[in-house]
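Student: Spelled out from the first residue to the last, the chains are:
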Amino acid sequence: MSPLITLVAQRIALGLLLLLAVSVLIFAGTELLPGDVAASILGQSATPEALANMRRDMGLDEPAVSRYFSWLFSAIQGDLGTALTSGQEISSQIASRLGNTLFLAFWAAVIAVPLAVFLGLLAVRYEGRWPDKAISAVTLASISLPEFFIGYLLIYFVAVKLGWFPSVATIYPSMSLGEKLHAIGLPVAVLVMVVLAHMMRMTRAAILNVMQSAYIETAELKGLNQFKIIWRHAFPNAIAPVVNVVMLNLAYLIVGVVVVEVIFVYPGMGQYLVDHVSKRDVPVVQACGLIFAAVYIGLNLIADVVSIATNPRLRHPK
Amino acid sequence: MRIPTGALIGLIFTSSFFLMAIFAPLIAPYGMAEVVGGVWEPMSSKHWLGTDNIGRDLLSRMIFGGQVTIFIATAATILSFVTGSVLGFTAAVIGGWVDQALSRFVDLVMAIPTLILALVILSVMPISILMLIMVMGFLDATRVFRLSRAVAVDINVMDYVEAAKLRGEGRIWIIFREILPNALSPLIAELGLRFIFMVLFLSTLSFLGLGIQPPSADWGGMVKENKEGIVFGIGAALIPAAAIAILAISVNLVADWVLSRTTSLKGGRG
Numbered sequence: 001m002s003p004l005i006t007l008v009a010q011r012i013a014l015g016l017l018l019l020l021a022v023s024v025l026i027f028a029g030t031e032l033l034p035g036d037v038a039a040s041i042l043g044q045s046a047t048p049e050a051l052a053n054m055r056r057d058m059g060l061d062e063p064a065v066s067r068y069f070s071w072l073f074s075a076i077q078g079d080l081g082t083a084l085t086s087g088q089e090i091s092s093q094i095a096s097r098l099g100n101t102l103f104l105a106f107w108a109a110v111i112a113v114p115l116a117v118f119l120g121l122l123a124v125r126y127e128g129r130w131p132d133k134a135i136s137a138v139t140l141a142s143i144s145l146p147e148f149f150i151g152y153l154l155i156y157f158v159a160v161k162l163g164w165f166p167s168v169a170t171i172y173p174s175m176s177l178g179e180k181l182h183a184i185g186l187p188v189a190v191l192v193m194v195v196l197a198h199m200m201r202m203t204r205a206a207i208l209n210v211m212q213s214a215y216i217e218t219a220e221l222k223g224l225n226q227f228k229i230i231w232r233h234a235f236p237n238a239i240a241p242v243v244n245v246v247m248l249n250l251a252y253l254i255v256g257v258v259v260v261e262v263i264f265v266y267p268g269m270g271q272y273l274v275d276h277v278s279k280r281d282v283p284v285v286q287a288c289g290l291i292f293a294a295v296y297i298g299l300n301l302i303a304d305v306v307s308i309a310t311n312p313r314l315r316h317p318k
Numbered sequence: 001m002r003i004p005t006g007a008l009i010g011l012i013f014t015s016s017f018f019l020m021a022i023f024a025p026l027i028a029p030y031g032m033a034e035v036v037g038g039v040w041e042p043m044s045s046k047h048w049l050g051t052d053n054i055g056r057d058l059l060s061r062m063i064f065g066g067q068v069t070i071f072i073a074t075a076a077t078i079l080s081f082v083t084g085s086v087l088g089f090t091a092a093v094i095g096g097w098v099d100q101a102l103s104r105f106v107d108l109v110m111a112i113p114t115l116i117l118a119l120v121i122l123s124v125m126p127i128s129i130l131m132l133i134m135v136m137g138f139l140d141a142t143r144v145f146r147l148s149r150a151v152a153v154d155i156n157v158m159d160y161v162e163a164a165k166l167r168g169e170g171r172i173w174i175i176f177r178e179i180l181p182n183a184l185s186p187l188i189a190e191l192g193l194r195f196i197f198m199v200l201f202l203s204t205l206s207f208l209g210l211g212i213q214p215p216s217a218d219w220g221g222m223v224k225e226n227k228e229g230i231v232f233g234i235g236a237a238l239i240p241a242a243a244i245a246i247l248a249i250s251v252n253l254v255a256d257w258v259l260s261r262t263t264s265l266k267g268g269r270g
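Just so you know, the sequences run in chain order G and L. With the first letter of the first sequence counted as 1, position 98 gets the number 98 in my numbering; the numbers rise by one all the way through. With the first letter of the second sequence counted as 1, position 182 gets the number 182 in my numbering; the numbers rise by one all the way through.
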């Protein structure tokens with residue numbers, strides 16, 4: 001078996017193991033901490049009998065280990081349990097919201113990724129000159145800005161004063177794609193700004209790193225033109241670090257999306273999670289936490305697999 | 001020593017914010033939760049920044065809110081540094097299974113986005129100031145752990161550490177008298193970045209309604225209180241949001257300067 005396949009298989013196995021460990025952590029985090037779900041739902045005035053009933057109904061009287069395994073196995077089969085507050089199936093509630101969140105994140109990524117790579121290249125091309133410095137300054141600022149500052153600034157000026165986009169991003173299935181895109185214009189803009197800075201900075205660093213290699217200097221000394229050097233020599237070696245950068249920052253979108261959905265009252269996973277944290281609806285929080293963590297680990301996994309697969313040293317084993 | 005303009009501006013703003021936080025009750029013209037006027041009154045000589053969603057003086061509330069934000073962020077940063085660096089140094093010095101166990105546990109915690117893990121924990125824990133400091137401090141300690149472990153692993157193989165070991169010094173001595181003084185400069189540079197992260201983290205939690213609970217408020221909570229006004233063209237929510245941004249940028253300017261002067265080592269910003 002080629003070393004490439006072995007490495008990829010190992011990395012995927014490691015990712016699955018990590019996901020399993022994360023599921024234990026999320027379960028333990030909500031089950032073993034001193035706070036009691038039944039007590040927090042019923043409040044301080046609950047009688048001991050009512051608490052005992054509640055715990056029995058929720059299966060809290062069983063040992064934690066057996067509850068963990070039954071939770072995990074039904075989660076793998078797509079059954080995430082029922083929400084305590086509404087009594088509805090969590091899986092069916094999450095399905096459409098997850099779709100909405102991915103829709104939002106997808107369009108943010110479609111705009112942010114090429115833009116970040118392009119601006120990163122621009123910064124490298126004009127290293128130390130004003131385009132590079134301007135890009136660094138904007139990066140420093142946008143790393144320090146909270147998402148809600150950019151969000152409300154856009155709502156205040158673009159939605160309220162200019163009226164170009166709606167201030168609340170409501171979407172429902174019967175809308176056409178154009179209408180949906182118009183509705184999510186502002187949230188996508190915020191997400192792009194949040195991710196762009198990190199992505200640009202890291203792309204710049206990754207390409208600069210490649211451009212300083214000895215073989216680039218050789219290519220320059222051979223008299224190749226700048227375009228050919230970047231295309232034939234720098235680009236193949238920069239794919240892996242750039243893909244890595246992109247994936248790491250898409251993972252960063254996951255956190256951004258939670259806040260952005262709350263700002264724009266967007267019917268997605270983030271809003272759903274936050275609502276149920278304040279209602280202390282533990283099964284929903286566990287389910288959402290697990291899904292967010294799975295996406296995060298999945299993106300990191302893809303980043304690693306791509307960098308293994310595009311590494312020329314591993315593609316041609318000795 | 002010449003301080004670059006950017007860093008100087010950062011220093012001035014950062015120290016004014018801290019002075020404001022320390023002397024909040026002396027500076028604020030009105031009380032924190034005192035209703036003094038109508039809802040969302042515009043800026044005037046009586047209320048410099050106008051009034052908020054239930055008629056409290058916005059300037060006074062900003063000053064008290066800043067005190068809460070800065071106090072909690074500072075406390076959480078200290079907790080994060082003490083826990084992270086002590087464990088990081090210990091892992092590096094002892095090595096073996098202790099290092100493996102701590103490092104793998106940190107990998108595991110960092111495999112979940114910090115905000116998501118914080119939300120999971122806050123869904124079962126009572127939300128109080130102490131709890132917020134602990135959740136923020138311990139979750140962030142993972143990043144300090146990685147940095148201080150990496151720094152300490154490098155220092156641990158230096159000749160002077162070897163010499164200390166040979167003359168029979170114990171681990172406590174090695175950690176506090178040999179490693180700590182030499183690891184201080186990269187750690188101090190990281191301090192500013194961790195503080196910014198704490199400010200943004202706390203503001204985000206409060207904005208989501210899971211941080212500081214009313215009637216007390218930090219800047220993130222004030223954005224939440226006043227956000228309904230935005231669609232009517234009332235910008236009260238933008239003021240605390242801008243304050244968070246200015247504080248973060250100022251500290252960042254100072255941290256960048258310290259970082260460029262001291263070392264090439266950096267931890268994660270996320």
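Treat the hints with care, as some may be off.
[Stated by the list, open to error] The calculated label-pair distances, taken between Cβ atoms and stated as ranges, are: (1) L/Ser260 x G/Leu248: 16 to 26 Å; (2) L/Gly170 x G/Ser278: 28 to 38 Å; (3) L/Phe105 x G/Tyr68: 17 to 27 Å.
[Said to hold, decoys possible] Chain L side only, calculated, beta carbon under 8 Å to chain G, not exhaustive: (4) Pro4; (5) Ala7; (6) Leu108; (7) Ala111; (8) Leu115; (9) Ile116; (10) Gly170; (11) Val223; (12) Lys227; (13) Gly235.
It is worth saying that the hints were derived from the structure and are not from the lab. Glycine included, each C-beta is placed from N, C-alpha and C at the ideal position.
Student: Each hint should be assessed against the structure and marked as holding or not.
Tutor: Verification of the supplied hints:
no. : hint                            : result
1   : L/Ser260 x G/Leu248: 16 to 26 Å : 24 Å, holds
2   : L/Gly170 x G/Ser278: 28 to 38 Å : 49 Å, violated
3   : L/Phe105 x G/Tyr68: 17 to 27 Å  : 18 Å, holds
4   : Pro4                            : 13 Å, violated
5   : Ala7                            : 12 Å, violated
6   : Leu108                          : 5 Å, holds
7   : Ala111                          : 5 Å, holds
8   : Leu115                          : 5 Å, holds
9   : Ile116                          : 5 Å, holds
10  : Gly170                          : 34 Å, violated
11  : Val223                          : 6 Å, holds
12  : Lys227                          : 7 Å, holds
13  : Gly235                          : 6 Å, holds
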